[in-house]
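Q: Based on these hints, arrange chain B on the given structure of chain A.
One line per chain: the protein sequences are A and B, in this order.
The numbering of the first sequence is our numbering, which starts it at 45 and goes up by one.
The numbering of the second sequence is our numbering, which starts it at 144 and goes up by one.
Read the hints as simulated data drawn from the structure, not as lab findings.
Please read these numbers as outputs of a predicted model, since none were measured by experiment.
Backbone N, C-alpha and C define an ideal beta-carbon position, used for all residues, glycine too.
A few of these clues could be false.
Stated by the list, open to error - Distance windows between CB atoms, simulated:
hint	chain 1	residue 1	chain 2	residue 2	range
1	B	Asn220	A	Pro62	44 to 52 Å
2	B	Thr252	A	Ser151	36 to 44 Å
3	A	Gly106	B	Glu242	31 to 39 Å
4	B	Leu254	A	Pro62	13 to 21 Å
5	A	Thr61	B	Asn214	44 to 52 Å
6	A	Ala98	B	Asn220	24 to 32 Å
7	B	Ser238	A	Ala97	17 to 25 Å
8	B	Glu196	A	Gln156	37 to 45 Å
9	B	Arg200	A	Gln156	35 to 43 Å
10	B	Leu182	A	Gln156	16 to 24 Å
To be verified - To spell it out: a stretch of chain B is covered by chain A in this simulated footprint if at least three of its residues, at any positions, have a beta carbon under 8 Å from a beta carbon of chain A; those stretches are:
hint	segment
11	173-186
12	241-248
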Amino acid sequence: AQSVTQLDSHVSVSEGTPVLLRCNYSSSYSPSLFWYVQHPNKGLQLLLKYTSAATLVKGINGFEAEFKKSETSFHLTKPSAHMSDAAEYFCVVSGRDTGRRALTFGSGTRLQVQP
Amino acid sequence: DAGVTQSPTHLIKTRGQQVTLRCSPKSGHDTVSWYQQALGQGPQFIFQYYEEEERQRGNFPDRFSGHQFPNYSSELNVNALLLGDSALYLCASRSRGREQFFGPGTRLTVL
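Chain A extracted, bound-state conformation:
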């Protein structure tokens, strides 16, 4: 069965410093991987997705992620954090293990941005 593990439940950075949110995945087949962001009282928003094209994926709001098959990782990065980046971030996997219809979410990483 496929799964994702978000290695940090909480990350705190200062505004203007880099962001790194870590995610490892497990899948029997070549997976599709996503990062979603959830702001309080708002719906989940797709940041970026990997679907077996380029291993370095660029998303919205300056975020990017690199698919590393050898490390089974899909870490999310941003060069410079902004106060508006404070939110809950979810690493998500989809693939043949679940018939490609269901998204399997990690437990989430809460990003705090200090002024």
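A: Then chain B, alone, in the frame of chain A:
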């Protein structure tokens, strides 16, 4: 474009009661999925509807049922509510092969 809309926003029920949550998909979308997000956790897949049929189901008991209407809107029904059913229920819609768009959710509290 209104995006995915869900109603009601909040709901309070007591144990044993039944509840119906509603979802209107984004314009042009024909597939609706439901997810349960317990406090402090990631969303968990309940089921997906396409062409008015349940196409896939997650690890949820039969107390959870759904329906999709000809206009692609959907309902999630939960019978015999338990305290553990308290959660944010998210609806997501998409068209074939495209990304899923999520609604803001319905917060269900079971007392």
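Q: Decide, hint by hint, whether the structure agrees.
A: Here is how each hint holds up against the structure:
| no. | hint | in the structure |
| --- | --- | --- |
| 1 | B:Asn220 / A:Pro62: 44 to 52 Å | holds (46 Å) |
| 2 | B:Thr252 / A:Ser151: 36 to 44 Å | violated (22 Å) |
| 3 | A:Gly106 / B:Glu242: 31 to 39 Å | violated (19 Å) |
| 4 | B:Leu254 / A:Pro62: 13 to 21 Å | violated (44 Å) |
| 5 | A:Thr61 / B:Asn214: 44 to 52 Å | holds (48 Å) |
| 6 | A:Ala98 / B:Asn220: 24 to 32 Å | violated (42 Å) |
| 7 | B:Ser238 / A:Ala97: 17 to 25 Å | holds (20 Å) |
| 8 | B:Glu196 / A:Gln156: 37 to 45 Å | holds (43 Å) |
| 9 | B:Arg200 / A:Gln156: 35 to 43 Å | holds (36 Å) |
| 10 | B:Leu182 / A:Gln156: 16 to 24 Å | holds (18 Å) |
| 11 | 173-186 | holds (count 6) |
| 12 | 241-248 | holds (count 7) |
Hints 2, 3, 4 and 6, counting from the list given before, are not met by this structure.
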